[in-house]
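J.: Starting from the structure of chain C, add chain X where the hints point.
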Amino acid sequence: MIIRKIKDKLFTLFAIASFIIVSLPLFHIILTIIVNGIGAINLEFFIALPNPPGVPGGGIVNAIEGSIILVCLTMLISFPIGFFGGIYLAEYGKGPLAETVRNLTNSLSGIPSIVAGIFSYTLIVIYFGFSALAGAIALSLLAIPYIVRTTEEALKAVPNDIREAGLALGLPRWKVTLYLVVGAAKPRILAGTLLAVARIIGEAAPLLFTAFGNPFYTYSIFEPTDALPLLIFNYALSPYPDWHLKAWGAALVLIIIVLSINLTVKYYVQREGK
Amino acid sequence: MRFSFDKLFKLITLIFGVFIIVLVIIIFYQLFINSLTALRAFGINFFLGKVWSPVKGIFGALPFIYGTLLTATIALLIAFPLSIGIAIFLTEIAPRVLREFLTTIVELIAAIPSVVIGLWGIFVLAPFVRDYLQPFLAYFSFIPFFTGRTFGLCYLTAILVLIFMITPIMTSIFREAFRNVPADLKEALYALGATRYEVIRHVSIPYTRTALAAGIILAYGRALGETLAVTMVIGNMPAITLSLLSPGYTLAAVIANEFLEATDRLYISSLIGLGLILFIISFVVNLIGTLILRRLSR
Chain C
59 MIIRKIKDKL FTLFAIASFI IVSLPLFHII LTIIVNGIGA INLEFFIALP
109 NPPGVPGGGI VNAIEGSIIL VCLTMLISFP IGFFGGIYLA EYGKGPLAET
159 VRNLTNSLSG IPSIVAGIFS YTLIVIYFGF SALAGAIALS LLAIPYIVRT
209 TEEALKAVPN DIREAGLALG LPRWKVTLYL VVGAAKPRIL AGTLLAVARI
259 IGEAAPLLFT AFGNPFYTYS IFEPTDALPL LIFNYALSPY PDWHLKAWGA
309 ALVLIIIVLS INLTVKYYVQ REGK
Chain X
123 MRFSFDKLFK LITLIFGVFI IVLVIIIFYQ LFINSLTALR AFGINFFLGK
173 VWSPVKGIFG ALPFIYGTLL TATIALLIAF PLSIGIAIFL TEIAPRVLRE
223 FLTTIVELIA AIPSVVIGLW GIFVLAPFVR DYLQPFLAYF SFIPFFTGRT
273 FGLCYLTAIL VLIFMITPIM TSIFREAFRN VPADLKEALY ALGATRYEVI
323 RHVSIPYTRT ALAAGIILAY GRALGETLAV TMVIGNMPAI TLSLLSPGYT
373 LAAVIANEFL EATDRLYISS LIGLGLILFI ISFVVNLIGT LILRRLSR
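Chains as they are written, first to last, in my numbering: chain C, 59 to 332; chain X, 123 to 420.
Hints may contain errors.
Simulated restraints, written as ranges between beta carbons of each label pair [said to hold, decoys possible]:
| no. | chain 1 | residue 1 | chain 2 | residue 2 | range |
| --- | --- | --- | --- | --- | --- |
| 1 | C | Ala-215 | X | Leu-191 | 37 to 45 Å |
| 2 | C | Glu-157 | X | Ala-232 | 26 to 34 Å |
| 3 | C | Leu-248 | X | Val-246 | 30 to 38 Å |
| 4 | X | Leu-220 | C | Leu-248 | 26 to 34 Å |
| 5 | X | Phe-250 | C | Tyr-277 | 38 to 46 Å |
Mimicking DMTMM-like on lysine to aspartate or glutamate, the simulated pairs with C-alpha atoms at most 20 Å apart in a straight line are [unchecked claim]:
| no. | chain 1 | residue 1 | chain 2 | residue 2 |
| --- | --- | --- | --- | --- |
| 6 | X | Lys-308 | C | Asp-66 |
| 7 | X | Lys-129 | C | Glu-222 |
| 8 | X | Lys-132 | C | Glu-211 |
| 9 | C | Lys-65 | X | Glu-320 |
| 10 | X | Lys-308 | X | Glu-298 |
| 11 | C | Lys-63 | X | Glu-214 |
| 12 | C | Lys-324 | X | Glu-222 |
| 13 | X | Lys-172 | X | Glu-380 |
| 14 | C | Lys-63 | X | Glu-309 |
| 15 | C | Lys-67 | X | Glu-320 |
| 16 | C | Lys-152 | C | Glu-211 |
| 17 | X | Lys-308 | X | Glu-214 |
| 18 | X | Lys-178 | X | Asp-386 |
No wet-lab data here; the hints were simulated from the structure.
Ideal Cβ placement from N, Cα and C applies to all residues, glycine included.
Just chain C, with the same shape it has in the complex (with noise of 0.2 Å):
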């Protein structure tokens, strides 16, 4: 009996140890961007150029500009192939092909971000060159399975007294999805759409080779861009003390940005489900 009791205090023990094991890490991650980056916060940073290498000062912002163009080009394509790719799992997805769809998107889901950048290679930058475009189908990549798992639980969570009142007033089938059902889900459809945001603004591996990265401003798609986590990886691994500053100072923007979108989210779903 004791020693059955040993073990179960044991694997309590264990349990809760694993927990802080596990969790301390992330703390210590958080407080050490901050600690670190705070010194490169300044308005500088936002809105300047970065300075040639190994000259102090210059800021970030034409990573900013470029995470943002990235960010916006991946959901303009992304969204739309998701969002309809989840309403057929949704509402005509019974049988043998919608069955490969779904296995298929899930598998998609879990390709190594590198693989994705890869791919836009083969696709893009081979005949057309680096650009923020070649970027954002290598992100898409990412995004898409993303977006059709979120749109397809979302409509699948609303109950069907809503699609039977509907076609029960004679309104056409499309009119029903489209408005009733995709209404009701909405707000699911937003919070999913906005994890996948969290989730790109920090792939620095599929921009490597596609993006590529550019000290100057972008003007235009077909040009290369710089992105935050781009950036940060770039700064890492350069020898300047000076880079290693503005690398852990974009960290915790890009931290903020991804820890606020998450935490959003999941106050404002648990707020819904109650």
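T.: Just chain X, lined up with the frame of chain C:
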């Protein structure tokens, strides 16, 4: 036949749905076509060759396949018990009022961008491994895993980063599974005087084993393909060795590092070939995990 908006709308959504299938085929086709040069030049040696030398124009993927499997497998072996522990902690042990909050903490780990973890890995974790973990591991240098010395950028650091990144993924699947274990089953065993450990051991884990398998597989897929965080801390040297203190390389890391340096056709084609290997491995792993989860939800 009368024109119908209903049919048109269904057709439109169908096109977007089928587009996903087309997309997977295009990805595979693009990667395959563009790596043909390398596959033709080296044949089976592209997969089994131990030498990766851009200077000599010889490209063999084995060191990278080895590094990828080594890091992902060891990370998984350690992350699995941790995830079980955390999932149990969050569903059974933690005070009820705190559960939601503590769960959010674990979920936020999964939200941190890979490159940010890599940044922390270079400047914080790698020096920690070099200065604190290494002297400790020196006592165990009779184990082949811990021979040699490291500057901090090595297989071990990459594995630690991977453990941190895949644990939240497994935890969320495990937690969901444990929550769905019927209370009667657990209560039946409690009524017989079983301890919590025994209930988990003999009810929760056997009952959820399919979901556990799916979680393991999906986390493995993630670990195999993780790119930047690993690239930044693994040391970037092709090495087939048991020593975790040796610098190493993975498929994803070598692509991230060398792609922009590659100038001649054979070199680029070989790197795309590595991408093809990575795509096939992770796609198959994910597909298996997905199919298991799908069967569960039915």
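J.: State for each hint whether it applies.
T.: Against the structure, the hints come out as follows:
Between Ala-215(C) and Leu-191(X) the C-beta distance comes to about 39 Å, which sits within the given range of 37 to 45 Å. The hinted range of 26 to 34 Å is satisfied by Glu-157(C) and Ala-232(X), whose Cβ atoms lie roughly 27 Å apart. One distance hint, 30 to 38 Å for the beta-carbon pair Leu-248(C) and Val-246(X), holds here, with the actual separation near 36 Å. Between Leu-220(X) and Leu-248(C) the beta carbon distance is about 28 Å. The supplied range of 26 to 34 Å therefore holds.
Checked against the hint of 38 to 46 Å, the C-beta distance between Phe-250(X) and Tyr-277(C) comes to roughly 44 Å, which is consistent with it. For the suggested pair Lys-308(X) and Asp-66(C), the alpha carbons sit about 15 Å apart, so the restraint of at most 20 Å is met. Note on Lys-129(X) and Glu-222(C): the hinted pairing holds, with a Cα-Cα distance of about 19 Å set against a maximum of 20 Å. A threshold of 20 Å between alpha carbons decides the hint, and for Lys-132(X) with Glu-211(C) the separation of about 18 Å falls inside it, so the pair holds.
In summary, the hint linking Lys-65(C) to Glu-320(X) is supported, as the alpha carbons are separated by about 9 Å, within the 20 Å threshold. Taking the CA atoms of Lys-308(X) and Glu-298(X), the gap is about 16 Å. The hint holds against a cut of 20 Å. Taking the CA atoms of Lys-63(C) and Glu-214(X), the gap is near 17 Å; set against the 20 Å cutoff, the hint holds. Between the alpha carbons of Lys-324(C) and Glu-222(X) the distance comes to roughly 10 Å, so the proposed pair stays at or under 20 Å and holds.
Between the alpha carbons of Lys-172(X) and Glu-380(X) the distance comes to roughly 17 Å, so the proposed pair stays at or under 20 Å and holds. With a CA separation close to 18 Å, the supplied pair Lys-63(C) and Glu-309(X) stays within the 20 Å bound. At roughly 11 Å between alpha-carbon atoms, Lys-67(C) and Glu-320(X) fall within 20 Å of each other, so this suggested pair holds. Simply put, Lys-152(C) and Glu-211(C) have alpha-carbon atoms about 15 Å apart, close enough for the 20 Å limit, and the pair holds.
Pair hint Lys-308(X) plus Glu-214(X) holds up; C-alpha atoms about 12 Å apart against a cutoff of 20 Å. Straight-line distance between C-alpha atoms of Lys-178(X) and Asp-386(X) comes to about 12 Å, which keeps the hinted pair within the 20 Å bound.
In summary, the structure agrees with every hint in the numbered list given earlier.
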